[in-house]
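Visitor: Residue numbers (this note's numbering), protein chains in the order written: chain Z, 1 to 114; chain V, 115 to 227.
Don't read these hints as lab results, they were simulated from the structure. Honestly, I wouldn't trust all of these hints.
[Said to hold, decoys possible] Which stretches of chain Z does chain V cover? Using the computed rule of at least three CB atoms under 8 Å from a CB of chain V, they are:
(1) 10-23
(2) 41-54
(3) 99-105
All C-beta atoms, glycine included, are put in the ideal place defined by N, C-alpha and C.
Spelled out, the chains give:
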Amino acid sequence: NAGVTQTPKFQVLKTGQSMTLQCAQDMNHEYMSWYRQDPGMGLRLIHYSVGAGITDQGEVPNGYNVSRSTTEDFPLRLLSAAPSQTSVYFCASSYSRGGAYEQYFGPGTRLTVT
Amino acid sequence: GENVEQHPSTLSVQEGDSAVIKCTYSDSASNYFPWYKQELGKRPQLIIDIRSNVGEKKDQRIAVTLNKTAKHFSLHITETQPEDSAVYFCAASIVEYGNKLVFGAGTILRVKS
């Protein structure tokens, strides 16, 4: 199993550009989520999904969109990049039925917005 | 919503000493408390977790304690080794709401040899 994969690993955007961060998992996990990691602020939840066709907002959803058309994929879209979105983005997945389970993280995407 | 505070932000210990990281949470309904370790440049990985029906859990050199009344939980690492150097994150969630975790800000642990 590849686990949770993310592409790209690094990305530089100009202010106002849009892009999609890709996330895929091959563990048949129902739950998938996106976090951003900034120095001194831990991991903050952007959006999450409990299954195909179902998404919801986390703590910091503004400026980001998600969709979940399949169990395996959960892309994160930046609509109009801003310097405040410079961060490391992690995708994670887990089982979710009936409780809380270990979240498996992807390797991360380091995004810089100039 | 839930708020998780973590202390200290940095911790330096001598190899072989113990390290303790503390977290407090605000929502008394929270009942699942995992700890993740993140080595430099790597992804976070679960090292131990505890649920609210348990007061303490151990796994070799690491242990987690939970005080529901005071709404705080702690990570204890004994006999620290250089490979324990990493950032440690605590988190909290409500099991019935699934895996929606709220993380603390993290603790940078440095083990000096």
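Visitor: Would you mind marking each hint as holding or not holding in the structure?
Guide: Hints, one by one, checked against the model:
Beta-carbon proximity to chain V at under 8 Å applies to 0 residues in the segment 10-23 of chain Z; the threshold of 3 is not reached and the given coverage is violated. Coverage of a stretch by a chain is defined here by at least three residues with a beta carbon nearer than 8 Å to that chain's beta carbons; for the segment 41-54 of chain Z and chain V the count is 7, and the condition holds. With a cut-off of 8 Å between beta carbons, the segment 99-105 of chain Z has 6 residues touching chain V; three or more are needed, and the interface restraint holds.
Hint check: a violation occurs at hint 1 only; the rest are consistent with the structure.
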